[in-house]
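Residue numbers (our numbering), protein chains in the order written: chain A, 21 to 403; chain B, 194 to 798.
If you're looking for bench data, these hints aren't it; they were derived computationally from the structure.
Take every hint as true, because none was put in to throw you off.
In silico DSSO-like cross-links for lysine-lysine, where the CA-CA straight-line distance does not exceed 27 Å:
{"#": "1", "chain 1": "B", "residue 1": "508", "chain 2": "B", "residue 2": "520"}
{"#": "2", "chain 1": "A", "residue 1": "143", "chain 2": "B", "residue 2": "609"}
{"#": "3", "chain 1": "A", "residue 1": "116", "chain 2": "B", "residue 2": "520"}
{"#": "4", "chain 1": "A", "residue 1": "120", "chain 2": "B", "residue 2": "376"}
{"#": "5", "chain 1": "A", "residue 1": "119", "chain 2": "B", "residue 2": "520"}
{"#": "6", "chain 1": "A", "residue 1": "120", "chain 2": "B", "residue 2": "609"}
{"#": "7", "chain 1": "B", "residue 1": "520", "chain 2": "A", "residue 2": "120"}
{"#": "8", "chain 1": "B", "residue 1": "330", "chain 2": "A", "residue 2": "136"}
{"#": "9", "chain 1": "B", "residue 1": "330", "chain 2": "A", "residue 2": "143"}
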Amino acid sequence: MVEAGKPYSKVFADFNGVSPQDAEYLRAHPFGYIPGAPYRKPGEERFGRFEFDKRALLNRCDLSIARRKEVIFLFTLLGKIDHFEFFEIEATDDRKAIKKAFFGISRRFHPDTFFKADLGVYKPQIEKIFRYASDVYELMLADATFRETYARAVTARDAAYRASLEQARQAKQDAQTRQAQRAAEDRKALLSERLTQNTLARRARKPNPVKEGLERAKRYYEQGMQMYEAKDFVRAASMFQLAMGLDEANETYRQTYERVKTKANQTKSDIYWGRGQTQESIGRDREAAVLFLRAVEAYPRADYCAHTAAILLKLGTDTHRAVDLASLASEADPQNIDYLMLLGQLYESAELYKKALTTFERALTLAPNDEEIKKAIKGLKKK
Amino acid sequence: MERIIGIDLGTTNSCVAIVEGGQPTVLPNKGGYKTTPSVIAISENGKRLVGQIAKRQAVTNATNTVYAAKRLMGRRWDSTAVQTMIETVPYSLVEGDNEDARIQLRNRVYSIPEISSVILQEMRLIAEEYTNDSITKAVITVPAYFNDAQRQATRDAGRIAGLDVLRIINEPTAAALSYGFGKEIDRTVAVYDLGGGTFDISILEISNGVFEVLATAGDTFLGGEDFDGRIIMDWLVLDFAREHRIDLRQDKMALQRLRDAAEKAKCDLSGTQQTEINLPFIISAGGSEALHLQKTLTREKLESLTIDLVERTIKICRQVVEEAGEKIDDVLLVGGMTRMPLVQQKVKEFFGVEPLRGVHPDEVVALGAAIQGAALLSDHQPVLLLDVTPQSLGIMIHGGLFSVLIPQNTTVPTSKSHTFTTVKNNQTSVKIIVLQGEHEEAKKNELLGEFILTGLRSAPKGEVEIEVTFEINADGIVSVSARDPETGKEQAITVTATSGLTEDELQRMMQENQDYLVDVRADEALMKAKDDVQRVLADIGRIFPKVQALLSGSDFGEDALRKAEGVLERGRDALNGNDLESLEHANEALTRTLNMFRGVLQKIG
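So that you can see chain A by itself, here it is in the shape it has in the complex (with noise of 0.2 Å):
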């Protein structure tokens, strides 16, 4: 019926959503034929995504490009798209609109509308045209079984057409929400793995600070040895001190430490000491307790109390601290008469009388048979 013309691809079948009677009633027609879709989706322009060929658009002939278009479109669907289709009107339209649609065909294909124009290659095509548009023409109008089973046919099958348009719309929809969700998801997911991957690397970059805070101790402890060697003995405790407060567990560092430290301190000591003695042979005294009592707070040897006691004594200030160092002296060595004396004297300036009036008699329990202790005790008696 119709030669093969350029085919146009096929989604739906054929008959797509026609009733299974009328669907085997057209077949049987020679002119029953729907195609599974429409060949124009809603919104496309007439000749939809038709594509021309550039070079059969040139051929030598009297008629314009459009109508060269015309031609090619419709000589290339002839019997491919169906008859409403073709006739550019809706299955719903009466005779009347067929007619109508006829009579422009007729306007536009009929022979003698070519009559002294040169068609070129186009003739047959033309000619092939207006004669299937007349028989489908003549179908319509004269058979209305097959003009009612058509149009239902067509109706159906548009319907069929666009449900599955919406259904390929909402499923697309549909896609697209779960695709949303799942990358919602996933960017979830992502960045969890994210925190654990961080987290993880952060265990990674500090494998085993136990392990490394041992390593670092001992590297301290090593470095204090050193110090300790060269009898730098405050550098060595402050190494010693950092070692174990890396590894508190370890016994050696603190023994260590505990063993550096009294050796430390009494360097820190003499070293206060020293500076003290240093101010106290230029007069400047005040300055000189100062560092004498910082030395006697990193270790307080007895005559180093003693005499720090006895510049506060002479600067009349702080008896109290005097007192405590006087005794802690006097504590470290009970026998020495100087150090009971002292605190005596201490006592007195702080009217402690029953205290100092004590000590005083201990002193010469100790010596008897000394003056001044006597004399102190006579004057103490006086006041």
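Place chain B on chain A using the hints.
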């Protein structure tokens, strides 16, 4: 601009029109009439006479005067139409080489297209005279119900007349074109066309310049001639026979007189209630006694004689209206016979609408043809015709039945393919009999031709397929082509019989007509020269006695008179001969003499 004429080649009258400045106009003939009788005759001296002149001499030259040749167009010799005509026409019909009917006039046999071509030629000359230009293109109308053979014959007639027939269109369609041309209408129109020889009814839908023929039907042997026939045969001849026991039909001249009288009476009765038919000396009753025919025909009588003919047209109307299936808005009356009050009344009764009278029934068809011609040649078609094929086209199949391939009222151009298979083993040819008509039995339809497909490949029966395509073009003319669908090879088709003319015959006739045209044109120049010489001679003759009286007596005068007489003598001699040159010389000399004589009269007289 290329000019194209529209010709209504009628049974009794023909008409020619042209589109000028967008307006179709009917062209009058030399006598000033817009229609020309479709009558041709061969005079005693072998001259062709056409139209009014031919009609006028018909009575005295009945056997060599052809009228109603259209009724024979494309007819086979054995058809009833031809056989009926043999009995009723005064000219003699003979069987042609192609089983067609031909006409013998004096010692020559003419084919029907040749006869028609003479009328077409006359139409062409009318147009050429009017436009003062040569005309080569024409649209010719035919009755809608004409079959392929009849259309083909009409086309042939055009070709013989030297016309390029751009299109054959149907008369009712042409009438509708003329009616709807230039009007913005949207109507369904019935065209009732009752002409001299044929009846056509077409239903058209006119919408914005598109003229779609919905259905058409008719009778190619029903027209004014048949009405005349009823008056002649059923009344005049019958009554005369009863009265005088003489059959007037035996006398060709009497028959021709009856024919003229009947036609005239019929026309008169469209306007009056009764008319006289007066034919003195109609026939001799043996010896020297002559019989006269004198009768009064009333409209009532005419209607009773012809009512069945009118009823026949209405019956066809009913069938076609059913076929069209549309409400009829307007009815258009075409053809001279529609002037008859009975026809108008019956048409009005049937369609239920007052028939339109705005158009001239004798001229609309030619006007429509001219409109279609102009439309074909214009760049923007103001009108487009969607015509239909009037008769079903088909082939004879097994059992002598008729199988329709293209049903009647199918829009043309159209084509249908049919696949034939061989019925015998190793069959190498297939004969296809193509027919046109509506009858189930093949033989009751008109035979268009027999086609033999040859050169089929040898194969068991049923294996070879031949695809035959039947095509009807916009003229309604059928062509057949065949091809082997397997190889795509075109098959040879041999035409073994048609009722028309072969191409050779056609070429010969065209050539003969050309020769005749040259003859006639030379003749015309000679006649004109003779007329001129005669006129001058007559003028001179009128004043000669006076001039003679004035001049005689003087020497000079006598000499002049002698010389003048010599000129007159030479003029008369030239007039007797057929030499154009000597006639022209004589004319010159005579004119000088005439002027001289006039001068003498003025000065002396």
